[in-house]
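A.B. asks: Residue-level listing of the chains:
There are 2 protein chains.
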Amino acid sequence: MQFSPFAEGNESRTPAEVFAVRENGSEPNGPGWIVRVVPNKFPALESEGELERVGEGVYDQISGIGAHEVVVETPNPEEALADLSEAHVQKVALAYRHRLQELSRDPRIRYILIYKNHGSAAGATVLHSHTQILGMPVMPTTVKRELESARDHFLNKERCLFCDILRQELSSGSRIVFEEEDFVAICPFASRFPFEVLLLPRHHAHDFSRTSDEQLGSFAGSLKRVLQALKKTLGDPAYNFLLHSAPVAEAPVHRSDDWQTLSLDYHWHVEIIPRLTRVAGFEWGTGFYMNPMPPEDAARYLRESLS
Amino acid sequence: MQFSPFAEGNESRTPAEVFAVRENGSEPNGPGWIVRVVPNKFPALESEGELERVGEGVYDQISGIGAHEVVVETPNPEEALADLSEAHVQKVALAYRHRLQELSRDPRIRYILIYKNHGSAAGATVLHSHTQILGMPVMPTTVKRELESARDHFLNKERCLFCDILRQELSSGSRIVFEEEDFVAICPFASRFPFEVLLLPRHHAHDFSRTSDEQLGSFAGSLKRVLQALKKTLGDPAYNFLLHSAPVAEAPVHRSDDWQTLSLDYHWHVEIIPRLTRVAGFEWGTGFYMNPMPPEDAARYLRESLS
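Residue numbers (the numbering used here), protein chains in the order written: chain A, 1 to 307; chain B, 1001 to 1307.
Just chain A, same shape as in the assembly:
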């Protein structure tokens, strides 16, 4: 077994924890935790400093200020997220919600991305199961485009784009992996990647940080089910997991109640992308993706694995 800096007993190998789920009255930064959140030891963005925007001729620069944290999902370096109990996954989701709420208070942060690289083909460098949280001073390009599409749709139709997609998918059924009371998993229409899965709340909700404890429980069950289906169908594939939630706020000066203005033009969701194919010149040159596995077939395989 490889040494893991994230394992129970190695708490001194990481920066001091910013959040942990501990149920036995254990002390911070010692053993006894179930889920533990620490600042990334090698952060992509620094937490200290002023946010500065500078132009240089035609170019734009912004200082690398933000937050970069690691959610260690289990004290055991051998366990994967898919193998944890539903109750344990719920505690991981609780950590996501807590950090989203906390980091949203930093006025320098414009967007908080929660993402996971499972397996080295998906870019994981530490194999001990963990999720990364990145609070960024700018809105990411891909999120911006998704928000713009959703907003355009809302302005045209006064309906949520994702709710419309969900209604259409539920009525056709061919791309549904499963539908539950609170969450639905689908293989998206014209998926970019084989076995790509979209997990989204069945009832409209734009902001993951406002998810209730009860909803977190349903989410944990559904997420575990998606990961189990992928594992049964593909045999523990490398994957990326992306939680897309509404941005912290449109402008950093207007907070809290302004979130409401976003409420119908976004719908939070999770994208799970198994890394089975290689991105090549075509994909870089076009932004299009060639996918040899139709989502209708992928959904059928995944459904069958769960039955």
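For the record, the hints were derived by calculation from the structure and aren't laboratory data. Note that beta-carbon positions come from the ideal geometry of N, C-alpha and C, so glycine has one too. Any given hint could be a false lead.
Unchecked claim - Facing chain A, from chain B, some residues (calculated, C-beta under 7 Å): (1) 1055; (2) 1057; (3) 1115; (4) 1117; (5) 1141; (6) 1163; (7) 1164; (8) 1184; (9) 1240; (10) 1278; (11) 1285; (12) 1288.
Chain B: place on chain A using the hints.
C.D. replies: Coordinates of chain B only, in the frame set by chain A:
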């Protein structure tokens, strides 16, 4: 040595050629060629059929009509593009120009992408050196965005964005790999990938298919120099090569002279992306890229390799 379907003598293993550079009076589809262009045996898009656009609820579909061709750059399966003589690379470029001109006449085609995957880490499946040409019935997302940026800049300033970038780079010098009479190679500001290189015509030109024979010669020399510098610095890295030229036309009904309207808001160029790092959750989730190699350092290494 592995069997190559593209090697001289195996002409019957590919579909019949659509273009070839032959200098000794040899017959089509037999040996004696220097560069040979054939339809892709496993095309991503079919050449026969009607172009149909269909809506399905919130989704859009278009039939997979277009052209997918392969430029076999050399009869010798052992040679890489970087190793060919300048005169030979010029013949490869001549094949690009010829196919761009020909495929532009197909009214179903909106954009023609010329791209190359070198090495299996870059997605190459056949290792015999070749380039792919894809004529598509829709404008690719990434090209559309690049065109929009360039057009916005032009509408604001009545100057070409790429010419402005070139002027700024030539005056600062820190990201220049080399400058020649006709072409300049730079490591772009805030490069997405380590050792990414942008090769562009020094004097404004929007459409590769209008390049003169003399300019093709200069281009061949410059392209070879970039590939040699990457090889000397990184030891034959896998790479993707993308030729970005102006779209065939904005609307399929207006051709030829309408190209002029695009002339100042685009500037053709080649992107060369060595595949040294892995794309992970962060990149998928944001559209941003973490690059451990500053372009200023990359440019210096590449400059030194050429001196």
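A.B. asks: Minimum Cβ distance from residue 1285 of chain B to chain A below 7 Å?
C.D. replies: 4 Å, holds
A.B. asks: Are residue 1115 of chain B and chain A close enough, Cβ to Cβ, to be under 7 Å, as the hint says?
C.D. replies: 4 Å, holds
A.B. asks: When the nearest CB of chain A is found for residue 1278 of chain B, is that gap smaller than 7 Å?
C.D. replies: 5 Å, holds
A.B. asks: May I ask you to test the interface hint for residue 1057 of chain B with respect to chain A, counting a Cβ-Cβ separation under 7 Å as satisfied?
C.D. replies: 4 Å, holds
A.B. asks: Any CB of chain A closer than 7 Å to the CB of residue 1288 of chain B?
C.D. replies: Interface hint status for residue 1288 of chain B: holds (6 Å vs cutoff 7 Å).
A.B. asks: Taking 7 Å as the limit, does the beta-carbon of residue 1240 of chain B come near enough to a beta-carbon in chain A?
C.D. replies: 4 Å, holds
A.B. asks: Please verify that hint: residue 1163 of chain B, Cβ, nearest Cβ of chain A, below 7 Å or not.
C.D. replies: 10 Å, violated
A.B. asks: Given residue 1117 of chain B was flagged as interface, is its beta-carbon under 7 Å from a beta-carbon of chain A?
C.D. replies: 5 Å, holds
A.B. asks: For the hint on residue 1164 of chain B, does the least C-beta distance to chain A fall short of 7 Å?
C.D. replies: Cβ of residue 1164 of chain B sits 5 Å from chain A, so the hint holds.
A.B. asks: Tell me if the interface restraint on residue 1141 of chain B is satisfied: Cβ within less than 7 Å of some Cβ in chain A.
C.D. replies: 3 Å, holds
A.B. asks: Was the hint right that residue 1184 of chain B lines chain A, CB cutoff 7 Å?
C.D. replies: This hint is violated: residue 1184 of chain B lies away from chain A, its Cβ roughly 15 Å from the closest one there, beyond 7 Å.
A.B. asks: Quick one, is the residue 1055 of chain B hint okay against chain A at 7 Å, beta carbons?
C.D. replies: Residue 1055 of chain B check fails; min Cβ-Cβ to chain A is 12 Å, beyond 7 Å.
In this structure, the earlier hints numbered 1, 6, 8 are contradicted, and the remaining ones agree with it.
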